[in-house]
Amino acid sequence: MRPENYKSVEHPPSHEYELNFGPNHPGIEGNYALKVKLEGDVVTEAKADGGYLHRGFEKLMETRLWMQNIALVPRICVPDPVPMEVVYSLGVEELGGLEVPARAQWLRVLHLELSRIAAHLFTFGGHAATTGMYSNMFWGVTDRDYVLDLFEQMSGGRVYHMYNVPGGVRRDLPDGFLARVSELLDYLERRLPQYDDLFFANAVFIDRARGTGTLTQEQALSWGVTGPNLRACGLSFDVRRDDPYLVYDQLEFDIPTETAGDALARTLVRRAELIQSIRILRQVIARLPGIDGPIRCPLPNPLAWNVPMGEAYPRVESSKGELCFYLVSTGGDRPHRVHVRGPSSMHAVQVLERLSIGTRIEDVAQTMFSLDACPPEVDR
Amino acid sequence: MSKEIKAVRLDEVLGEMEGAVMQRKRPGRIRVDIEADALPTLLQLLKGRAGYLHLSSISCVDWPEDEEFELVYHVWSYETGVLVSAHTRISKQSARYISVYDLYVPAGFFERDIYEMYGLYFEGSPHMEKFILTEWNGPPPMLKSFDTEEFVRDTFDWKEYNPDWLQEIVAKGGGIVE
Numbered sequence: 084m085r086p087e088n089y090k091s092v093e094h095p096p097s098h099e100y101e102l103n104f105g106p107n108h109p110g111i112e113g114n115y116a117l118k119v120k121l122e123g124d125v126v127t128e129a130k131a132d133g134g135y136l137h138r139g140f141e142k143l144m145e146t147r148l149w150m151q152n153i154a155l156v157p158r159i160c161v162p163d164p165v166p167m168e169v170v171y172s173l174g175v176e177e178l179g180g181l182e183v184p185a186r187a188q189w190l191r192v193l194h195l196e197l198s199r200i201a202a203h204l205f206t207f208g209g210h211a212a213t214t215g216m217y218s219n220m221f222w223g224v225t226d227r228d229y230v231l232d233l234f235e236q237m238s239g240g241r242v243y244h245m246y247n248v249p250g251g252v253r254r255d256l257p258d259g260f261l262a263r264v265s266e267l268l269d270y271l272e273r274r275l276p277q278y279d280d281l282f283f284a285n286a287v288f289i290d291r292a293r294g295t296g297t298l299t300q301e302q303a304l305s306w307g308v309t310g311p312n313l314r315a316c317g318l319s320f321d322v323r324r325d326d327p328y329l330v331y332d333q334l335e336f337d338i339p340t341e342t343a344g345d346a347l348a349r350t351l352v353r354r355a356e357l358i359q360s361i362r363i364l365r366q367v368i369a370r371l372p373g374i375d376g377p378i379r380c381p382l383p384n385p386l387a388w389n390v391p392m393g394e395a396y397p398r399v400e401s402s403k404g405e406l407c408f409y410l411v412s413t414g415g416d417r418p419h420r421v422h423v424r425g426p427s428s429m430h431a432v433q434v435l436e437r438l439s440i441g442t443r444i445e446d447v448a449q450t451m452f453s454l455d456a457c458p459p460e461v462d463r
Numbered sequence: 028m029s030k031e032i033k034a035v036r037l038d039e040v041l042g043e044m045e046g047a048v049m050q051r052k053r054p055g056r057i058r059v060d061i062e063a064d065a066l067p068t069l070l071q072l073l074k075g076r077a078g079y080l081h082l083s084s085i086s087c088v089d090w091p092e093d094e095e096f097e098l099v100y101h102v103w104s105y106e107t108g109v110l111v112s113a114h115t116r117i118s119k120q121s122a123r124y125i126s127v128y129d130l131y132v133p134a135g136f137f138e139r140d141i142y143e144m145y146g147l148y149f150e151g152s153p154h155m156e157k158f159i160l161t162e163w164n165g166p167p168p169m170l171k172s173f174d175t176e177e178f179v180r181d182t183f184d185w186k187e188y189n190p191d192w193l194q195e196i197v198a199k200g201g202g203i204v205e
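Each protein sequence line maps, in turn, to chains A and B. Residue numbers for the first sequence follow our numbering, beginning at 84 and rising by one. Residue numbers for the second sequence follow our numbering, beginning at 28 and rising by one.
Pulled out of the complex, with its shape left as it was, chain B reads as follows (with noise of 0.2 Å):
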């Protein structure tokens, strides 16, 4: 199939998805705005009638301000060579949205990958458990509301460091650079 055909099936595709903003970034690059419940809709044309075929990844945004997750779904065409960026936002209240493993495999393991590091549930992926955190008990680390630092600060003590051959040194005039 040529590429200006799939082409056009990609305007079409966008022009079918109401409230969908399309903008094209550079060439061979395209994002995507749309409503977070159009979303799965959109990924499915997408794939079945424009042959975007290659989930390329999920990414997760915090945006703390806003109380928001954003969602990106990077979907990649093998036929004309177009990556499409479709960004939703999703509410940080309900911090759940739908899996879209039965369309693209790959997003087992993104979906579980954001549901550990943000705490976004998705709801009909099937792995929705620990798989790199699994001794860690604590907040979703990679919100931004979890501040590495102050975790170890009250986490561990801190040890006074002053050895003898330390000491030797500072005795001649050496030492640690404050």
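With the rest of the complex left out, here is chain A (with noise of 0.2 Å):
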């Protein structure tokens, strides 16, 4: 029924607009933004628009003590804190000549996996939401919090534990911690066909990651594209294999890869990469029993600790790729200079930008979420 005043719009045809998709928006990572301009339904240019998250870390960290930092990395990635914690207490050993305990290295070790693993379970929710399927993004968050449990007996702390400190970790586990990694294990291998059925092996997803945001190699080698989605382009390149820290190279792991480089083998290698996660830790409960020890090197007072002069470029294989501190000393019980290179400044920003166009508007979220873009790494 229409009134009957009721008069026809002639609509012009479709012409080129621009739409701010974020800093606000269900579909972008959080505080983050893309300027894309449309024709139609499909992006032509994108530019990303950073800042939101803006912390100064950087700065800051040059207005602290060695120690105090180590509450200020981990918040620099809210989703995989982890590696910031590990990467940074490695270059301020690497600065002051410290050896770590073997204890701590494995138990270095197990968080970090733990972190990689709630990571990879976080972003399958947020890129299944991106294609709809927001019971897989229940699924995902919720297994995280399995993950999370664990950090808080281990470390008092749910998102940002502070567990690992220069010249080893913080605490011992508590009784019985291994038998419930064990559990928590048995359970995700459980739950993995159920994923599968979801949204792994789901024509739905598989429909619409297929061929979204595609990366040939030469484009992935060119634009600095590290971790998973390097992976994802064939490449097998990971820094716990081909850099080793830690006790990476007494463990036994694969490096998933897959050829296609789009959207979907990017969320398979992660698949894949989480099915590796569970074997090193595996290795881990069985080996660390019988690793005795101290779990700490003796440290100098850490108010009053004065690192020596020096500079350092650790490296990490974070859940989204290469992480990477610049850390300079002049002597001094601050750093001189620390430089935080995430594997997301490049993939949230220069490859995001490109990738997105050509694709429609309703992928340009997908894209984002399968490159594991973490806005807070570019701002930092």
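Hints in this document: simulated from the structure, not taken from any laboratory. Any given hint might turn out to be false.
[As the list claims (entries may be wrong)] Residues from chain B that face chain A, not an exhaustive set, calculated with beta carbons under 7 Å:
| # | residue |
| --- | --- |
| 1 | Ser84 |
| 2 | His101 |
| 3 | Tyr105 |
| 4 | Gly108 |
| 5 | Tyr128 |
| 6 | Leu130 |
| 7 | Val132 |
| 8 | Pro133 |
| 9 | Phe136 |
| 10 | His154 |
| 11 | Ile159 |
[To be verified] To give an idea of the interface, some chain B residues facing chain A are shown, with a C-beta separation under 8 Å as derived from the structure:
| # | residue |
| --- | --- |
| 12 | His81 |
| 13 | Ser112 |
| 14 | Gly135 |
None of these values were measured; they are calculated from a predicted model. Virtual Cβ for every residue (Gly too), placed ideally from N, Cα, C.
Fit the two chains together into the complex; they arrive one by one in their own frames, and the hints show the way.
Structure below.
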């Protein structure tokens, strides 16, 4: 039924127009924006717009004691904070010439791999939500919470643990902790087939993700892509294996790769990595009880600790890719300079801008989540 | 290509660069100190002939006593598993340098970051504009001469905070520990 005075309106043909995608938009990772130009619903130009999360970490760290910075670094990346603590600690240890006891190194691997599982579950949830599958988002977030429970037992903190400190770790594991990790791994292994049914092998998801945001290997290498996004283009590179740190050279694990380079390939690489993390954790659970000893090397008074002059560029493989800190000490009690190189500083800016071009507007969010871009690593 | 051949190429490249001082810091980490005008050539040779395809990052360090910026280009070779950190110094007076965006696309992000945070301009870089600090008109904040605490003291007013509930606690003998 139309009103009597109804007059049909002639719509102009769809023109080019601009759209601010974010900073508050359910389809974008928090506090980040893309300014996109569209022709119809096809993106013709995309410009990343950061700065909404800038908290001046790098500047602030120059005014805090070496040990105080441990409270700051995990806050740089919310979904995957552990690699931040570890990479900072590795850098300070390199500068100060500290030997980390064996048990602490194994505890760090345990902590890192739990964090990788938590981060990947979170990403699966986020990615599923961008394709309209909210059940999987709830699953991902809920299962991540079980990992957070373990973090809480381990360190007292659920999201930010400040568990790794220069010289080792803050405390040993509570009683029965490894058994609980083992239980969680069993649970996750039982859950994976269910995730497959709902998400990874879901025709809706596969149709949406296949061919979205495709990167060739040449593009990936030239644009500075690292981590699972690089491995989804067929290049088998992982800092854990190719530039080993801690005790990763004593562990057996595969580096999963895919060749398609699209959103689907990236997600499948993460799924396979989750299985590899479970495999690593099982080895840690088997070997950790046999490794006794201190969990920290003797440290100078942290309130008056002058770290020797020098520079260090430690690297770790975070769940998102290559994470590095450049630390400079002038021999004082505070860093002279801390430069944070997060993997998302590439993925969320130049790579996302380039990959968005030519996709339809509804796939921009999916492209971003499939890159596992973490805006706080851009802003720092 | 074997790791040995690539390693020889790295030595060759560094041997060709006059004035480049190489230092092996630990296995897989090499530091090179080089003059600013020779650094782009070094990177070109490292990428083109020694397989250093990945620019991991460009770090900038402010050295206020020397009136200089130090730029550190971290490049990584996937084939040999070696990270070369090329260090150079730029005078703060000119605060201008050359972009390596043509060589390494990731440089675009790092150069913009350094321009914003240190005020060091890269000629030929595609994005010499504000990205993070779009609403900031002050001096580049990462400079050592920029004192954040002083800025806060000058910009914001302190307010006395003495609510009723706190007065009640003080009356009972409690309060905020100074």
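Hints the structure fails to honour: 5, 6 and 10
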